[in-house]
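Student: Sequence lines, in order, name chains A and B.
Residue numbers for the first sequence follow my numbering, so the first one is 1 and each next one is one higher.
Residue numbers for the second sequence follow my numbering, so the first one is 1 and each next one is one higher.
Keep in mind the hints are simulated off the structure, nothing from the lab.
Owing to the predicted nature of the structure, the values given are computational and were not obtained by experimental measurement.
Some clues are possibly wrong.
For identical chains, the list gives no copy identity; a pair is met inside one copy or between any two copies.
Unchecked claim - List of simulated lysine to aspartate or glutamate pairs, EDC-like, C-alpha gap at most 20 Å:
#1 K241 with D293
#2 K249 with D25
#3 K249 with E296
#4 K241 with E296
#5 K249 with D293
#6 K146 with D307
#7 K173 with E359
#8 K241 with E359
Number of protein chains: 2
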Amino acid sequence: MNEEKDSVGIVSLQYYKIDEKIKFDSGVEFGPVTVAYETYGKLNETCDNVILVIHALTGDAHAAGYRTKEDKKPGWWDTLIGPGKAFDTNKYFVICTNILGGCSGTTGPSSINPETNKPYGISFPVFTIEDTVKVQKKLLDYLGIKSLYCVAGGSMGGMQAMQFVISYPDFVKSAIFIATTSRLSPQAIAFNAVGRNSIISDPNWNNGDYYNSDNKPDRGLSNARMIGHITYLCEEAMYNKFGRRLQNKNHYDFNFDVDFQVESYLQHQGQIFVDRFDANSYLYITKAVDYFDPAEKYGSLSNAFKDSVAKFLVISFDSDWLFPSYQSKEIVKSLMNLGKDVSYCEIKSPCGHDAFLLEYDVQSKIIKSFLNEHIIEVKDE
Amino acid sequence: MNEEKDSVGIVSLQYYKIDEKIKFDSGVEFGPVTVAYETYGKLNETCDNVILVIHALTGDAHAAGYRTKEDKKPGWWDTLIGPGKAFDTNKYFVICTNILGGCSGTTGPSSINPETNKPYGISFPVFTIEDTVKVQKKLLDYLGIKSLYCVAGGSMGGMQAMQFVISYPDFVKSAIFIATTSRLSPQAIAFNAVGRNSIISDPNWNNGDYYNSDNKPDRGLSNARMIGHITYLCEEAMYNKFGRRLQNKNHYDFNFDVDFQVESYLQHQGQIFVDRFDANSYLYITKAVDYFDPAEKYGSLSNAFKDSVAKFLVISFDSDWLFPSYQSKEIVKSLMNLGKDVSYCEIKSPCGHDAFLLEYDVQSKIIKSFLNEHIIEVKDE
Chain A
1 MNEEKDSVGI VSLQYYKIDE KIKFDSGVEF GPVTVAYETY GKLNETCDNV
51 ILVIHALTGD AHAAGYRTKE DKKPGWWDTL IGPGKAFDTN KYFVICTNIL
101 GGCSGTTGPS SINPETNKPY GISFPVFTIE DTVKVQKKLL DYLGIKSLYC
151 VAGGSMGGMQ AMQFVISYPD FVKSAIFIAT TSRLSPQAIA FNAVGRNSII
201 SDPNWNNGDY YNSDNKPDRG LSNARMIGHI TYLCEEAMYN KFGRRLQNKN
251 HYDFNFDVDF QVESYLQHQG QIFVDRFDAN SYLYITKAVD YFDPAEKYGS
301 LSNAFKDSVA KFLVISFDSD WLFPSYQSKE IVKSLMNLGK DVSYCEIKSP
351 CGHDAFLLEY DVQSKIIKSF LNEHIIEVKD E
Chain B
1 MNEEKDSVGI VSLQYYKIDE KIKFDSGVEF GPVTVAYETY GKLNETCDNV
51 ILVIHALTGD AHAAGYRTKE DKKPGWWDTL IGPGKAFDTN KYFVICTNIL
101 GGCSGTTGPS SINPETNKPY GISFPVFTIE DTVKVQKKLL DYLGIKSLYC
151 VAGGSMGGMQ AMQFVISYPD FVKSAIFIAT TSRLSPQAIA FNAVGRNSII
201 SDPNWNNGDY YNSDNKPDRG LSNARMIGHI TYLCEEAMYN KFGRRLQNKN
251 HYDFNFDVDF QVESYLQHQG QIFVDRFDAN SYLYITKAVD YFDPAEKYGS
301 LSNAFKDSVA KFLVISFDSD WLFPSYQSKE IVKSLMNLGK DVSYCEIKSP
351 CGHDAFLLEY DVQSKIIKSF LNEHIIEVKD E
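All chains should be modelled from the sequences, with the hints used to inform the complete structure.
Tutor: Listed below in structure tokens is the structure:
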């Protein structure tokens, strides 16, 4: 790590075990669930400076700072979380949890089922975005938090932020939805379906039972990641990053090795992903994302949001073709129909869907101005 | 088949064996190559009524008519080829060949290598779009054809049509490029790369040697096809066809079976594809498509086309995001820079890239008016 003034510094993963069973959307009762989380900043005396930040599909609870002094890479939203940053840890107590069903500390299909002493595998129940926020709410209850100053997330994190407001309408004072959607388009479902199919058709997947095997469904998972990565970038980003440039060569190879830089990039992304992510988690989490559709569940999106007391900030990126701006506008429109306090900003960016992780400068300004209210700095005692 | 007045009726696949070796772009000399082809209409006495129609990625030589009386489905461009149709078989002698490296009659990786009496597999040389048109030209030479009244193709067929004009500039009187590009974007390369990766990472692919095995790389090929299909449709087409409708159910299944219609459609497309297509052919043909880049090879696209005497028609579709209109406009611009006779039409369509196979009505009118010159009907003797 660099000794940065604006870094939250060294952080560590904490755990909370929810002992009672949780009733899932599917009707299944499931437990215990251990939630892995990190916190940054300090809870103020009035407990009203809490911001819940929620990660995207393959993220984790490590949103800011460094895990060790040797770490070269900070948390995934370190550009936005820290002293003086958009989510200003001098003012706010920021919490980030690993998602239910994930593979970075929170109970998921790779966790040991205490009843069998074996990993759950696909005996883990299929869950929804609603279930994931239930788990987060239980952590907040445990921490004694009575309200959220803000809930914020990008991509799938934005869906969960939305669902948090819907599930706990009087618990949340403000909400930020970035590069997200209230329901996947059939095209986005299609990409997820092909990714899952790629995993399931890998013989090493073995019906989800591969944890004690030397052969994991790495090829299927890697392929799923490659497909995902295409959707996170956009054509302009790909032209900027790779164009049609060849990888370490001047001429075509006339074989089936990598010729183009873009192929090399995707293969690399696929390969490094399998070291940090569980194939079954990928199946479960993409399924939860596909299922998310509050307009369907509550009759309309406006109906879903009707009891909320929050003010809203919705941000989209013009080059995001996975969750295009028109989907953010649908959210904004439903909130406006309710007379809610909502701000919307479409940011011009050449980064595609990934922009929510990359365009920190302009996002910082917008988020700061949105959050900048009565909360004052939390001083050291 | 239906007894249609405007059908070419029953057609049969013909074969021509090119005995001499062909020098491929890679430097490899390869042969013999057998070309599978169909013809529709009659060659006129002056041999100047020939139209070469070229198929797309997974097409074949069966462009029009029916193979048997029992056939329910006609050839892939039957809507455009036949008596009185856009490619009017009362006037024109239409030829369509299966591509080099294909698996529907023309020599490809699944063909028997006469030197080993085993299928070529990946000992088949990697070829380019330039090589594929060399093979077509040899067939035309054999048939005694001294010039083409027109060369036409959609998607990869359009690339080959382009290359035909570039390779044999004084042989072609007119050319029609539909829903195509003079070079793939990095995003399109990425989709092909993931498709190939899906095949190669299927253990049944077995380094391309699976022809005598009961276990073929069907799962990898099926996945590749699913990815391809997403790019052939567009978001609007997917909303129109599937929306977020569930497949034969009213509620989510809460398992990893198919929930949405779009998933079911893609899986079905993947499954039926493996019965008609060879995984190795998919590797070779997508590689040829990735390599196609005449601007790179000839210094500029204008330079590539400079010796051509043809007049041109370029058609694109506004919802085609695989080969978007701007890529067609690049072709048009390069031809205009040369002062060539070029017409361009962007057709409004909700069908995405697939529109070149579906939007026959408007295409018919445009193509008819483009072709409608001095050629008169070829009467039966």
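Student: First find the shortest C-alpha distance between K249 and D25 inside one copy, then the shortest across copies, and answer within, between, both or neither for a cut-off of 20 Å.
Tutor: For K249 and D25, only the inter-copy Cα distance (17 Å) is at most 20 Å; the intra-copy one is 53 Å.
Student: Can you give me the call for K241 and D293, within, between, both or neither, at a CA distance of at most 20 Å?
Tutor: Between copies, since 19 Å is at most 20 Å while 34 Å is not.
Student: My question is about K241 and E359: at a cut-off of 20 Å on alpha-carbon distance, are they close within one copy, between copies, both, or neither?
Tutor: So K241 and E359 pass the 20 Å test inside one copy only (16 Å; across, 35 Å).
Student: Please sort K173 with E359 into within, between, both or neither, judging by C-alpha distance up to 20 Å.
Tutor: neither (25 Å within a copy, 51 Å between copies)
Student: Evaluate K249 and E296 at a C-alpha cut-off of 20 Å and name the case that applies: within, between, both or neither.
Tutor: So K249 and E296 pass the 20 Å test across copies only (15 Å; inside, 51 Å).
Student: Given a CA cutoff of 20 Å, do K249 and D293 count as a within-copy pair, a between-copy pair, both, or neither?
Tutor: Classified as between: cross-chain Cα gap 16 Å, same-chain 47 Å, threshold 20 Å.
Student: Since the copies are identical, ignore which copy is meant and state whether K146 and D307 lie within 20 Å (CA to CA) inside a copy, between copies, both or neither.
Tutor: Within one copy, since 17 Å is at most 20 Å while 77 Å is not.
Student: Give the relationship of K241 and E296 under a CA distance limit of 20 Å: within one copy only, between copies only, both, or neither.
Tutor: between (39 Å within a copy, 19 Å between copies)
Comparing the model with each numbered hint stated earlier shows that hint 7 is the single one that does not hold.
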